[in-house]
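Chain residues, written in single-letter form:
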Amino acid sequence: MTLTRREYMLAVACWAEVLRAQTLKLISFDAATAAEINAIACQIIPDDETPGADRAGVIWFIDRALAGYDEDKRELYKLGLKEMQSRRAEMFPGSSSIVGLAKDQQIQLLRSMEQTEFFQMVRYHVILGFLGHPMYGGNRDQVGWKLLGLEYSMHYEPPFGYYDAEARGGTK
Amino acid sequence: VSATFRYSDPVDFVVVGAGAAGGVMAKELSTAGFRVVALEQGPWRREKDFTHDEVGVTLRGAMINDHKKQPNTFRKAPDEKAKLQPAVGYCRTVGGGSVHFTANYWRFHPEDFNERSVLGAIPGADLRDWPITYDELEPYYTKAEWDLGVSGLSGSNPFDGPRSKPYPLPPMPVKSSGVLFENAAKKLGLHPFPAPVAVLSQSYKGRAACSHCGFCEAFGCEVGAKSSSLAALIPVAVKTGRCEIRPNSYVRKIEVGKDGRVTGAIYFDAAGKEIFQRAKAVVVCANGAETPRLLLMSKSNLFPQGLANSHGNVGTHLMFDNGAYALGYFDHPLNEFKSIVVTRVLHDFYRSDPKRGFYGGAGLDARFDFLPAAFALDGLDKDTPQWGSEWKRTVGQYYTHMMGIMAHTSCLAVEQNNISLDDEVKDAWGLPAMRVTFKNHPDDIKALHFMADRQHEILTAAGARKIWLTPGSLDGTTYSVHLMGTCRMGDDLATSVVNRHNRAHDVPNLFMVDGSSLVTCGRQQPTETIQALAYRAADHIQQAARRGEI
Numbered sequence: 019m020t021l022t023r024r025e026y027m028l029a030v031a032c033w034a035e036v037l038r039a040q041t042l043k044l045i046s047f048d049a050a051t052a053a054e055i056n057a058i059a060c061q062i063i064p065d066d067e068t069p070g071a072d073r074a075g076v077i078w079f080i081d082r083a084l085a086g087y088d089e090d091k092r093e094l095y096k097l098g099l100k101e102m103q104s105r106r107a108e109m110f111p112g113s114s115s116i117v118g119l120a121k122d123q124q125i126q127l128l129r130s131m132e133q134t135e136f137f138q139m140v141r142y143h144v145i146l147g148f149l150g151h152p153m154y155g156g157n158r159d160q161v162g163w164k165l166l167g168l169e170y171s172m173h174y175e176p177p178f179g180y181y182d183a184e185a186r187g188g189t190k
Numbered sequence: 041v042s043a044t045f046r047y048s049d050p051v052d053f054v055v056v057g058a059g060a061a062g063g064v065m066a067k068e069l070s071t072a073g074f075r076v077v078a079l080e081q082g083p084w085r086r087e088k089d090f091t092h093d094e095v096g097v098t099l100r101g102a103m104i105n106d107h108k109k110q111p112n113t114f115r116k117a118p119d120e121k122a123k124l125q126p127a128v129g130y131c132r133t134v135g136g137g138s139v140h141f142t143a144n145y146w147r148f149h150p151e152d153f154n155e156r157s158v159l160g161a162i163p164g165a166d167l168r169d170w171p172i173t174y175d176e177l178e179p180y181y182t183k184a185e186w187d188l189g190v191s192g193l194s195g196s197n198p199f200d201g202p203r204s205k206p207y208p209l210p211p212m213p214v215k216s217s218g219v220l221f222e223n224a225a226k227k228l229g230l231h232p233f234p235a236p237v238a239v240l241s242q243s244y245k246g247r248a249a250c251s252h253c254g255f256c257e258a259f260g261c262e263v264g265a266k267s268s269s270l271a272a273l274i275p276v277a278v279k280t281g282r283c284e285i286r287p288n289s290y291v292r293k294i295e296v297g298k299d300g301r302v303t304g305a306i307y308f309d310a311a312g313k314e315i316f317q318r319a320k321a322v323v324v325c326a327n328g329a330e331t332p333r334l335l336l337m338s339k340s341n342l343f344p345q346g347l348a349n350s351h352g353n354v355g356t357h358l359m360f361d362n363g364a365y366a367l368g369y370f371d372h373p374l375n376e377f378k379s380i381v382v383t384r385v386l387h388d389f390y391r392s393d394p395k396r397g398f399y400g401g402a403g404l405d406a407r408f409d410f411l412p413a414a415f416a417l418d419g420l421d422k423d424t425p426q427w428g429s430e431w432k433r434t435v436g437q438y439y440t441h442m443m444g445i446m447a448h449t450s451c452l453a454v455e456q457n458n459i460s461l462d463d464e465v466k467d468a469w470g471l472p473a474m475r476v477t478f479k480n481h482p483d484d485i486k487a488l489h490f491m492a493d494r495q496h497e498i499l500t501a502a503g504a505r506k507i508w509l510t511p512g513s514l515d516g517t518t519y520s521v522h523l524m525g526t527c528r529m530g531d532d533l534a535t536s537v538v539n540r541h542n543r544a545h546d547v548p549n550l551f552m553v554d555g556s557s558l559v560t561c562g563r564q565q566p567t568e569t570i571q572a573l574a575y576r577a578a579d580h581i582q583q584a585a586r587r588g589e590i
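If you're matching them up, the sequences are chains R and Z in order. Counting in this note's numbering, the first sequence runs from 19 upward without gaps. Counting in this note's numbering, the second sequence runs from 41 upward without gaps.
Some clues are possibly wrong.
Said to hold, decoys possible - Lysine-lysine pairs mimicking BS3-like chemistry, simulated, CA-CA at most 30 Å apart:
1) R/100 / Z/293
2) Z/293 / Z/123
3) Z/108 / R/96
Stated by the list, open to error - Some chain R residues judged to face chain Z by a derived CB distance under 10 Å, without partners named:
4) 70
5) 171
6) 177
In short, the hints are calculated from the structure, not lab data. Note that the structure is predicted; figures quoted are calculated from it, not measured. By construction, the Cβ of each residue, glycine as well, lies at the ideal position given by its N, Cα and C atoms.
Extracted from the complex, chain R is given alone in its bound form (with noise of 0.2 Å):
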C-alpha cells in the first residue's frame, strides 16, 4: 500500500504536530526530511513488542548530531536520501515519500541499499541515538537500555550476575 499525496501531506502535517508537541524544535532536517529519516530509523530499530527507534526519539539524536559533531555527514545524508528516492521511485512507481510505503516495502528499499554509506551511517546514528546517553536526545526513557538488559547506576554490589551468585551460593 503507498500512500497518496493528500495522505502524505497529512502524515507529514502530523508528524510536525507531534514535534510542537514535544516543544523540540528540529535543527538539521526538514518536517518532511525528518519523517523520511525516521521512516529509516524505524525500520532500523522498528518498535515491535517492545520500543524502538520511533519510541526512543532517534530522530532528535539524529538532527542534533548533524547540527554538531557529524555537521560534516549533512551532504551524505543529503545526497544518500536523495539517492534513495530515486530507487524508491524506480522499486515502487506511483509511491511519493519512504514513510508512505508499507513495511515490507520500506524494508525491501533499505535491503536493497544495506551496502551504501548512507544506509551505514544512517545505521550507526539510529544505534547511537537508540543507545546513547539521553543528554543527546534519543533513548528516551532509557528504552535502549532498558531493551539490553541495562539499569542505570553509579554503584553495584555482588553478586554480579547468575554464575557468581551461584559460586558465591547466595540467590541468583
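Fit chain Z to the supplied structure of chain R, relying on the hints for placement.
Using the frame of chain R, we list chain Z on its own:
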C-alpha cells in the same frame, strides 16, 4: 596549592607528559626535594569531569588524541607512501593512559628479560635481552603496587616471578565471567588466578574503594578508585609545593646548549603562545610514539638527525598491542556491564615454547567490555542480520548473557617498524605529523591463531552456546594503544637509545621514561612495567643529581 615557576628560571626537571610514567617522575622527584614542571598536552580533568557517556568518550574519542588535529600517517613498509590513517591512540589528559586503562596490572615474567639468550635469534625480528633482570626491577614493581594501590592475590599465579611483598589489597570480587573462566580453565588443567588490577578493592591512602559502576575501561574513574597517576600520584606531587602541573602544554622541541646538554623545553600553551621553560634536566614521558616524535623534531646543529639519535635508533623497533578476542553467549545473565572489566586471568600460554613452531605467547583474561552501542554496532556474529526486528531481539537477548576471552599476545620487535616524521602532513600546530610504519612479524600472527584455538577450548568448556571471534582478531594490527619500544634500553650505544637507567646515551641530562624504553613487550599489559621502570629511573636520577652527576 600548586607551585608556579618562572619560565626563565631553570627548574630542576621538566617532565614532558604527566601520564603513567610522568606522574611517577613528578611525584618521586618533587617529594625528593627537586623543583619539577610537568608539561601535559591534555587538559587537567578531575573526577567530577568524568562521565558515563559512551558516545562522547569511546565513540567520539573525547579523551584521546584528536586525529583531526594530530593526524597520523600509516604505511606497512618503508617503501610505501604513508596515507592519512589513525594509527596510535593515547589518553590526552593529566594522568595519561593510567586514567582510562583497563587497569590490568601484570608484572613481566623473569624470562621476558632474557628471551634472546634462551630462545636465540628470531629471523626477521630483532629480539634482544634487556640490560636489566627481573630481580633488578622487582623492588620497583613492589613499590608501584604499594604506592598506587593494587588489588590481587599473591602467589596465585604459578608463572609469576618471585615477589618481595604481597599485594597491598585483596582481589576484587569475582564476576560471572571470572567464575565461568576459572571453572573451565581448571577443567582443562590450566591455572587461572584472580586478576591483579590497579583498582582499589578497599579504601586505601584516603581514596575510596571501587563502586563497581562499570565505566572503567576507556573512562576516568569518578570516585578515584582506579589507581591512576591522576588519583594516586599527582596530588602527592602538587602537595609538596615543588611541582607545577601545566596542562594544555604541547611540547614541540627540547632545546640543546652548545655543550650538548639540554636546557629546557619549548611548548605551545593553550592560547598557542610559544613558551620556553628552562630546566637543568629533561625527562621525556610522552609515550612510546610521541617521545620519539619529539626527539626527531628536536633537531639542532649538534643533533641534525634529532636529539639522542646519533645512531639512528630513535623511533625504531615500534611494538603494538596484538590481541584476539573471542566471544561467547551463555544461558544465564552474566551482567558484565557491572564492575571492573577483568577478574580472572591465566598465564599458562605466556612463555614462548619452541615446540609450537613460533615465537610468542599470551596472557588470557575473561572480559566483556562492549558498551551498549558498540555491541549493537558490531558485537554480534556476522551471520546474524545487522538491523531489523530479529537483530533487535538478538541484541536485547544477548547483551547481558555475553562474555569473552581476550588473548593479549606477543609482538616481536622489528627494526623497520617505527615512528618517523611525515614529509608532507602537518598537525594543527604546524609540526610534522607522526608517520607510523608497522607490519606484524609472521610469528605475531601465528600466536593469534594458536590463542584463538585456546580461547575456543575454554569458552566451550565454560558452556558457551555460541562462540565467535571478533572481526580482525587474526589479522594483526594497524592501530595501537600500547606504544612501545622506540627508544630501546641497552648497554650498547650503537643499538639502543637509553642506558639501563633510562638516561640518553648521547645526552647526560636527558631521560626517556615510558613505553619507549621497553626492549620486549611481554604479553602486553605494559603499564606496571612502565611504572616500575619509572620508579627505578627516579631512584637513579635523584641519587645521580645529589652526586652532581647530571
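Checked hints:
Proposed proximity of residue 100 of chain R and residue 293 of chain Z is contradicted: the alpha carbons are some 50 Å apart, above 30 Å. Between residue 293 of chain Z and residue 123 of chain Z, the direct Cα distance comes to roughly 25 Å. Compliance with the 30 Å bound is thereby established for this hinted pair. With a C-alpha separation of about 24 Å, the suggested pair residue 108 of chain Z and residue 96 of chain R falls inside the 30 Å cut-off, and the hint holds. Restraint check, residue 70 of chain R versus chain Z: the minimum CB separation of about 7 Å is within 10 Å; hint holds.
A least Cβ separation of about 7 Å between residue 171 of chain R and chain Z falls short of the 10 Å threshold, and the interface hint therefore holds. Annotation: interface hint on residue 177 of chain R holds; nearest CB of chain Z at approximately 8 Å, less than 10 Å.
Violated hint: 1 only; the structure is consistent with all others.
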